Amino acid sequence: MKIAVCISHVPDTTSKINFTDGDTKFDTNGVQFVINPNDEFGLTRAMWFKEKQGASVHVLNVGGPETEPTLRKALAIGADEAIRVNTAATDGFSVAKQLANVIAEGGYDLVIGGRESIDYNGGMVPGMIAKLNGANFVNTCIGLEIDGTEATAIREIDGGKETIKTSLPLVIGGQKGLVEESDLRIPNMRGIMQARSKPLHIKEPLDTAAETRSVQFQKPDPKGAVKLVDNVDDLVNLLHNEAKVI
Amino acid sequence: MVLVYTESEGGKFKKIAHEAVSYAKGIADMLGTSVTAVAVNADDASELGNYGASKVLNVANDSLHNFNAGAYADVVSEAAKNEGANVVVLTSSANSKFMAPLVAVNLNAGYVPNVNSLPESATPFKVNHSVFTNKAFASTEITTNVKVIGLAKNAYGVLENSTSVNVEAFAPEVSNGDSETVSVDKATDKVTIADAEIVVSAGRGMKGPENWGMIEELAETLGAATACSKPVSDMGWRPHAEHVGQTGKPVATNLYIAIGISGAIQHLAGINASKVKVVINNDPEAPFFKAADYGIVGDAFEVVPQLTEKLKAFKAQNA
Ligand SMILES: Cc1cc2nc3c(=O)[nH]c(=O)nc-3n(C[C@H](O)[C@H](O)[C@H](O)COP(=O)(O)OP(=O)(O)OC[C@H]3O[C@@H](n4cnc5c(N)ncnc54)[C@H](O)[C@@H]3O)c2cc1C
Ligand SMILES: Nc1ncnc2c1ncn2[C@@H]1O[C@H](COP(=O)(O)O)[C@@H](O)[C@H]1O
Numbered sequence: 001m002k003i004a005v006c007i008s009h010v011p012d013t014t015s016k017i018n019f020t021d022g023d024t025k026f027d028t029n030g031v032q033f034v035i036n037p038n039d040e041f042g043l044t045r046a047m048w049f050k051e052k053q054g055a056s057v058h059v060l061n062v063g064g065p066e067t068e069p070t071l072r073k074a075l076a077i078g079a080d081e082a083i084r085v086n087t088a089a090t091d092g093f094s095v096a097k098q099l100a101n102v103i104a105e106g107g108y109d110l111v112i113g114g115r116e117s118i119d120y121n122g123g124m125v126p127g128m129i130a131k132l133n134g135a136n137f138v139n140t141c142i143g144l145e146i147d148g149t150e151a152t153a154i155r156e157i158d159g160g161k162e163t164i165k166t167s168l169p170l171v172i173g174g175q176k177g178l179v180e181e182s183d184l185r186i187p188n189m190r191g192i193m194q195a196r197s198k199p200l201h202i203k204e205p206l207d208t209a210a211e212t213r214s215v216q217f218q219k220p221d222p223k224g225a226v227k228l229v230d231n232v233d234d235l236v237n238l239l240h241n242e243a244k245v246i
Numbered sequence: 001m002v003l004v005y006t007e008s009e010g011g012k013f014k015k016i017a018h019e020a021v022s023y024a025k026g027i028a029d030m031l032g033t034s035v036t037a038v039a040v041n042a043d044d045a046s047e048l049g050n051y052g053a054s055k056v057l058n059v060a061n062d063s064l065h066n067f068n069a070g071a072y073a074d075v076v077s078e079a080a081k082n083e084g085a086n087v088v089v090l091t092s093s094a095n096s097k098f099m100a101p102l103v104a105v106n107l108n109a110g111y112v113p114n115v116n117s118l119p120e121s122a123t124p125f126k127v128n129h130s131v132f133t134n135k136a137f138a139s140t141e142i143t144t145n146v147k148v149i150g151l152a153k154n155a156y157g158v159l160e161n162s163t164s165v166n167v168e169a170f171a172p173e174v175s176n177g178d179s180e181t182v183s184v185d186k187a188t189d190k191v192t193i194a195d196a197e198i199v200v201s202a203g204r205g206m207k208g209p210e211n212w213g214m215i216e217e218l219a220e221t222l223g224a225a226t227a228c229s230k231p232v233s234d235m236g237w238r239p240h241a242e243h244v245g246q247t248g249k250p251v252a253t254n255l256y257i258a259i260g261i262s263g264a265i266q267h268l269a270g271i272n273a274s275k276v277k278v279v280i281n282n283d284p285e286a287p288f289f290k291a292a293d294y295g296i297v298g299d300a301f302e303v304v305p306q307l308t309e310k311l312k313a314f315k316a317q318n319a
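As given, the protein sequences belong to chains Z and B, one line each in that order. 1 is the number of the first residue of the first sequence in my numbering; add one for each residue after it. 1 is the number of the first residue of the second sequence in my numbering; add one for each residue after it.
Hints may be right or wrong, so weigh each one.
[Said to hold, decoys possible] Partial list, computed: chain B residues near chain Z (C-beta under 8 Å): (1) Ser93; (2) Val105; (3) Leu222; (4) Asn254; (5) Leu311.
It is worth saying that the hints were derived from the structure and are not from the lab. Computed from a predicted model, the values in this text were never measured in an experiment. All C-beta atoms in this analysis are idealised placements derived from N, C-alpha and C, irrespective of residue type, glycine included.
Using the sequences and the hints, build the whole thing.
Written out as structure tokens, the structure reads:
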């Protein structure tokens, strides 16, 4: 089985979010970048397929040279090869077109992406790849088993979950549940050494136009001070008469 | 023309369907056009006229009984093409988010999710949406002819707008593809985080799963859904589906009550879109107090049962 894991390179969850150039650009100053958490669960699931059923695992990213440490980390965790499409990731649809092209060329059976990137929260790239390439798609995937070309996926829905029978080629938008937090792997020294000599291919992008363009960013208004109350009577009163939520 | 997908369950429209139609009407007014809604297996499609739809394409098809993203995306895309839609409005439900990217590809349309308000301008078509899991907002231009918008939860509200409505049968060709839902496992007696107006959430301060009885009782009293912080679900005290925050479920309710939760940045990111936040924590230095509207510094084991009692009395009085 040939597996592609799409890796989005995002600010660490503890990052303070700031903008520069008149609030038109994300300020990367002092920001630590990591593998998107949803993708990390998917990468670990891919390693299990490799170890238990046999698979080659490639990690894919659309981005500039600054994303390479993130791809190297994925190689150190155990992916076999990395491919970076050398263009800035500005718009989800364009990113999906770039990835769909690489995936069609590479003939992958299974594509694992994340439910969403925690930076722009698009939640669109995996679904778009599936539609562009005519593959099956399961989003918010919290469990996946593959047997030959048959796949059984569990999807989180509002208020529960459902089981979907489908087949390869398949794209999933994954999240926690594919594996647990405690299953995530931290690269060890040997992995890091090996990653240095694993192939990291750089591909030139297709010529596509963006469908959307973010022109301005804004931070939420600073919050007013909390109203502290010292008994539940006052609280219920405020929630009813002031906040009007009960 | 603005096309809106209206979600129903067991034949009844969900509240987000009413909200989505209200919102679509807002856009249609900006563009000087009308709203067509698409409904799948709904009992009374004409109800959507109350919120501004002047036409409903009513699909009655047993093969669409279970949600199937590919097939539902085909329904919406076919409707958009037939009607010559400029804007397609979807929501932030799990099903909507599942099918949105497929609809966008079908229509070769730019898609922006988590949209908070009516477009800032019609030309260029510019919308405001939350990014960085509610740590910021972006203003984004959609440059394609057809635009797909995912309306954020609880962002616009339901607005009555009585419109004379035509319901037409619509029978597009749909393909369930190669995917089939074989089982659905859903608690029908509990309010879900997605549908709830109020969420009662608790963290590691509760010490152990055996203490969740008082959390559930408070939630039940309020008709609220229960939720938890990430470590609580990681330790198996509560099911994963209750984990809220940046890497869990987003919460955009009217009222969010956080009990024994410290207020880590990843937790706050996911619940920031809630309108009113109440925190109960015995540590006055807990970061959550900086993000909350109302707070009680106190021991959850005393405050929560008192609050439940008080709310029961309040409900009895106001019933
Ligand atoms: C990559 C990443 C992603 C993450 N994503 C999320 C996420 O999506 N959601 C999330 O929640 N977390 C997330 N976290 C974890 C987050 O950083 C915090 O560790 C977590 O939110 C803390 O949970 P807590 O508040 O329940 O526990 P604690 O931080 O242990 O806080 C417990 C609180 O309870 C209070 N308390 C103790 N006893 C009582 C009492 N008797 N009465 C009242 N109060 C009491 C304490 O004062 C304290 O403030 C993430 C972390 C990382 C690294
Ligand atoms: N620039 C990118 N390069 C590779 N994969 C990406 C990129 N952006 C998004 N993805 C994948 O698509 C998923 C959803 O991203 P998004 O649609 O941006 O929220 C991510 O979790 C990744 O798996």
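For each hint, the structure was consulted:
1. Ser93: holds, 6 Å
2. Val105: holds, 4 Å
3. Leu222: holds, 7 Å
4. Asn254: holds, 5 Å
5. Leu311: holds, 6 Å
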